[in-house]
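Novice: Below, each chain spelled out in residue letters.
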Amino acid sequence: MNKIFRPLVMQEFAILIPFFLLLLFFYTRNEAMLNEITIFSILRTIAFPALIAMGMVQLMIAGELDLSTGAVMSFSAVFTAKLIRDLEFAVAEAVLIALAVSIIFGLLNAFLTIKIGIFSVIATIGTGFMIRGGSYLFTNGLPIYPLPESFALLGSLRPLNLSFTFLFMIALTIIVQILLRSSKWGTALYATGSNLKAAKMSGINTAKVKTICFVTTSFLSATAGLLTMSQLPGTPGDPIIGLNLELDILAGVIVGGVSLYGGRGSAIGTLIGVAFIQLVRSGLVIAHFNPYLQLPALGILLMIAVAWDVIRHKQRLA
Amino acid sequence: MKDDCLIRVSGICKSFGHVQALENIDLDIYESEIVALIGDNGAGKSTFIKILSGMYKKDSGKIYHKNKLVEINGPHESSEKLGISTVYQDLALVEVQNVGINIFLNIEPTRFGFFIKYNELYRNAEKLIRNLKIDLPSVKVNVSELSGGQRQGVAIARALARGKNIFILDEPTAALGVEQQENVNNLILRLKSERKTVLLISHNLDHVFKVSDRIIVFRRGRKVAERRKVDTDKQEIVSLITGAIDG
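Just so you know, the protein sequences line up as chains A and B, in that order.
The first sequence begins at 0 in numbering that gives the first Met the number 0 and counts up by one.
The second sequence begins at 0 in numbering that gives the first Met the number 0 and counts up by one.
Here chain A stands alone, though its shape is the one from the complex (with noise of 0.2 Å):
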């Protein structure tokens, strides 16, 4: 256990520190930011940048990023929503075929970066343009329903008074941390990450490892847009699902320790740091500020957070 965890106490540590006083200076604004149904608010609207968060945080320590996951969530909730609704598909196989075609998707990411070689950020801008694309195109920009009650069988129950989804993404850190610190999986991604001719040299299929990193992050984004539809009976296939999200998950994965540079960064950094942008949103608002705020507080959060990380490699090459 050991190996798991204790190379996180150094990084985790310094991002708990300006978390819990953030969340303390929340409170002496307003009590209400510590109550029952605020604490369970909040870890509700983390759930889902969180669980991409999953397989995004693998992809950057791969070195590489995809700014398509809030695309691949909303065209995930409208497409089950269509199959179902128009072309009467039952649930079950709506779902898997949502879930095959992003699959399609990651690939897609993946050989425009792997096989052609351009930058992934650029690539994933480019498919999540097409795909949000897609989702509005397949709705006339307008939400899908009604949908059968037994869709938000999965996504509506409520173990501990927490969301299915809030358990699911806390089980998927976990299985994520381990994955990273105690496996051949994670030795991989690290080295593709750090130092690609190392790991190459070494055997490990560098392609194959983003590749399945791609493919996983798009998997768990379109795994989120169906959870956010399963929340509550009736919730609609709206193609504005996931706007702007992949923003908020790569700030928080950033912020969670995870560099730029690829090669470092842990599952439960970065569930704090997907936890720390939803508190300065949630935290701006509870403690009456300017809900305005929220931009440029997340702005400059970020831009601390990359300096960091650009200070500390400048550091290592030296």
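Careful: at least some of the hints might be erroneous.
[To be verified] Only pairs whose alpha carbons sit at most 25 Å apart, straight line, appear in this in silico SDA-like list of lysine to any residue:
id: 1; chain 1: B; residue 1: Lys163; chain 2: B; residue 2: Ile28
id: 2; chain 1: A; residue 1: Lys199; chain 2: B; residue 2: Ala243
id: 3; chain 1: B; residue 1: Lys116; chain 2: A; residue 2: Pro290
id: 4; chain 1: A; residue 1: Lys199; chain 2: B; residue 2: His75
[Stated by the list, open to error] Derived coverage of chain A by chain B (criterion: at least 3 residues anywhere in the stretch with Cβ under 8 Å from a Cβ of chain B; other residues may be distant):
id: 5; stretch: 111-122
id: 6; stretch: 190-197
id: 7; stretch: 201-212
[Unchecked claim] Computed list of chain B residues with no C-beta within reach of chain A, every gap over 12 Å:
id: 8; residue: Gly10
id: 9; residue: Asp25
id: 10; residue: Gly41
id: 11; residue: Asn66
id: 12; residue: Asn130
id: 13; residue: Gln179
id: 14; residue: Thr231
id: 15; residue: Ala243
If you're looking for bench data, these hints aren't it; they were derived computationally from the structure.
Note that the Cβ used here is the ideal one computed from N, Cα and C, for glycine as well.
For chain A, the structure is supplied; the task is to place chain B on it using the hints.
Specialist: Chain B in isolation, oriented as in the chain A frame:
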């Protein structure tokens, strides 16, 4: 071909566009010897070792391993078919990982083929490091914290961990201080004592004359001379490199 001839190359040619990087290279490499490949910049040394290590494909010529003709189509095949492990000048180590993980990267001892047995990994790493007499504080130290000489040792240990018998070392003493160069020399001699074969590229004639058994001189893509160390001296080698004398 002599019985202990590990690798024979015959008529190797390679060009890049109009540039003839290698022309009709013939040479033999024998078991348990240290062969130094020297020459000026652009002589073709790096191109030659990249062909042997599978990074480049030769245009023509033949490569034999223990009398068997082989074709090398990539680094993995070079390792499998020729038993070659290459340590490039930049060492290609994963800075963010520790010594143990670097040594056994992608060949870690595992449970169920997936979960790494770290105790066994570090134990094996310590054994390798001890056998090579590399001075390290611990195998759990990150590579980024090591000196140049220590990193060279880790790179060689990594090559050794893969159980190969032929080592290609590209400028192993470049940018190292005197003491560290001496450590690398001792390391190379220890490889020979373990019946490993070393093909060494170096501009450092002191280093070459300390460790090698045979010296092969390249000039402008051709092999111009081959000498046993005991039959030559630095002056002759320099003259062969510059073309002042013919081989």
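Novice: Decide, hint by hint, whether the structure agrees.
Specialist: Quick rundown of the hints versus the structure:
1. B:Lys163 x B:Ile28: Given that 25 Å is the threshold and the Cα spacing comes to 15 Å, the pair holds.
2. A:Lys199 x B:Ala243: 41 Å, violated
3. B:Lys116 x A:Pro290: 50 Å, violated
4. A:Lys199 x B:His75: Roughly 9 Å between the alpha carbons, so the hint for A:Lys199 and B:His75 holds.
5. 111-122: The restraint on the stretch 111-122 of chain A is violated, since only 0 of its residues have a Cβ under 8 Å from chain B and three are required.
6. 190-197: Coverage by chain B holds here, the residue count being 5 at a Cβ distance below 8 Å.
7. 201-212: Coverage by chain B holds for the stretch 201-212 of chain A (3 residues, Cβ < 8 Å).
8. Gly10: 28 Å, holds
9. Asp25: 28 Å, holds
10. Gly41: The assertion about B:Gly41 holds, with a minimum of 23 Å to chain A.
11. Asn66: 27 Å, holds
12. Asn130: 21 Å, holds
13. Gln179: 19 Å, holds
14. Thr231: 34 Å, holds
15. Ala243: About 38 Å separates B:Ala243 from the closest Cβ of chain A, which puts it past 12 Å; holds.
The structure fails hints 2, 3 and 5 (numbered hints given earlier, in ascending order).
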